[in-house]
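A.B. asks: Quick note on numbering: my numbering labels position 77 of the sequence shown as 213, and the sequence is numbered without any gaps.
For the record, the hints were derived by calculation from the structure and aren't laboratory data. Beta carbons: idealized from backbone N, C-alpha and C, even for Gly. Hints should not be assumed to be uniformly reliable.
[As the list claims (entries may be wrong)] Across the chosen pairs, the derived CB separations fall in these ranges:
1. L164 with P255: 18 to 28 Å
2. E327 with L212: 35 to 45 Å
3. R331 with P269: 45 to 55 Å
4. V185 with V214: 41 to 51 Å
5. F208 with A179: 20 to 30 Å
6. L174 with T222: 15 to 25 Å
7. A157 with L322: 15 to 25 Å
8. L184 with Y282: 26 to 36 Å
9. P255 with S192: 14 to 24 Å
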Amino acid sequence: MADNSPVVTPIGPCDAIPGTARLALTLLVIVVSSLIPLEHWPAHGLLLVVVFAGLSLAGVTLGYLARRLMLFLPMLLVFGLSVPITQLHRESAWGWMVSLWLRCTISFLAGLWLIHVLPFPELLATLLRWRCPPLLVAMLAFMYRYIFILWDELARLRQAREARNFGSGSWKRDWVTNAQMIGLLLLRAMERAERTHQAMLARGWDGSPKFLGTEARKGE
Numbered sequence: 137m138a139d140n141s142p143v144v145t146p147i148g149p150c151d152a153i154p155g156t157a158r159l160a161l162t163l164l165v166i167v168v169s170s171l172i173p174l175e176h177w178p179a180h181g182l183l184l185v186v187v188f189a190g191l192s193l194a195g196v197t198l199g200y201l202a203r204r205l206m207l208f209l210p211m212l213l214v215f216g217l218s219v220p221i222t223q224l225h226r227e228s229a230w231g232w233m234v235s236l237w238l239r240c241t242i243s244f245l246a247g248l249w250l251i252h253v254l255p256f257p258e259l260l261a262t263l264l265r266w267r268c269p270p271l272l273v274a275m276l277a278f279m280y281r282y283i284f285i286l287w288d289e290l291a292r293l294r295q296a297r298e299a300r301n302f303g304s305g306s307w308k309r310d311w312v313t314n315a316q317m318i319g320l321l322l323l324r325a326m327e328r329a330e331r332t333h334q335a336m337l338a339r340g341w342d343g344s345p346k347f348l349g350t351e352a353r354k355g356e
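Given these sequences and hints, build the entire structure.
C.D. replies: Following this line, the structure appears as structure tokens:
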């Protein structure tokens with residue numbers, strides 16, 4: 137006998153937290169980490185433990201976290217080293233560097249937790265409930281949508297490049313081709329974005345961000 141009962145999606149511990157509270161917790165962690173002085177570094181360690189626990193509850197795997205940190209930490213390392221290099225006469229420069237590393241790492245991990253527990257449309261709806269300027273929310277919504285347009289056009293241009301080069305080529309030719317591809321990517325993405333904007337105007341878009349009812353109410 138067939139089971140016609142509805143399929144229930146498992147709800148994680150972080151899903152029970154309202155969307156507004158998730159955003160508030162993230163901002164709270166970032167602000168607290170920015171205010172803690174370096175002398176109280178154990179507090180930074182405690183915040184790191186809290187953030188890692190939140191990432192674990194959100195279902196973030198160690199492999200995914202390691203890949204993201206490998207992209208973020210080298211840039212942070214170079215940026216942090218610029219502090220003692222430019223301020224050699226100050227004894228506290230190295231302390232500022234370590235403090236910068238800790239604060240930026242905590243903020244990055246907190247933001248990573250937020251994007252895993254709060255979908256972007258719900259984040260925009262939460263910002264509207266917080267009385268953020270509608271123009272700012274609309275710009276964020278457009279940025280989110282146009283990223284996928286850029287990605288789609290980039291995939292097509294890469295496929296065309298591989299077809300022309302048969303998958304191989306000199307490094308000099310690759311540099312020239314990539315430079316041309318970037319310019320063409322911007323032009324094609326702008327054309328698609330303009331067509332998307334005209335289609336939205338034809339469907340009655342009045343300039344204010346719109347969300348589905350379930351997304352707008354979710355997290356309240």
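A.B. asks: Hint by hint, note whether the structure agrees.
C.D. replies: Okay, the hints, checked on the actual structure:
For the hinted restraint 18 to 28 Å between L164 and P255, the CB-CB distance of approximately 20 Å keeps it satisfied. A C-beta distance of roughly 36 Å is found between E327 and L212, which places it inside the suggested range of 35 to 45 Å. Taking 45 to 55 Å as the suggested C-beta distance range, the pair R331 and P269 does not conform, at roughly 27 Å. For V185 and V214, the hinted distance range of 41 to 51 Å is not satisfied, since their beta carbons lie about 27 Å from each other.
Look at F208 against A179: about 22 Å separates their beta carbons, and that is inside 20 to 30 Å. As the Cβ distance of L174 to T222 is approximately 18 Å, the hint placing it in 15 to 25 Å holds. Checking the proposed 15 to 25 Å range against A157 and L322 shows it is violated: the Cβ atoms sit about 39 Å from each other. For the pair L184 and Y282, the beta carbons lie near 34 Å from each other, so the given range of 26 to 36 Å is met.
Under the hint 14 to 24 Å, the C-beta atoms of P255 and S192, about 20 Å apart, fit the expected range.
Consistency with the previously given hints fails for numbers 3, 4, 7, ordered from lowest to highest.
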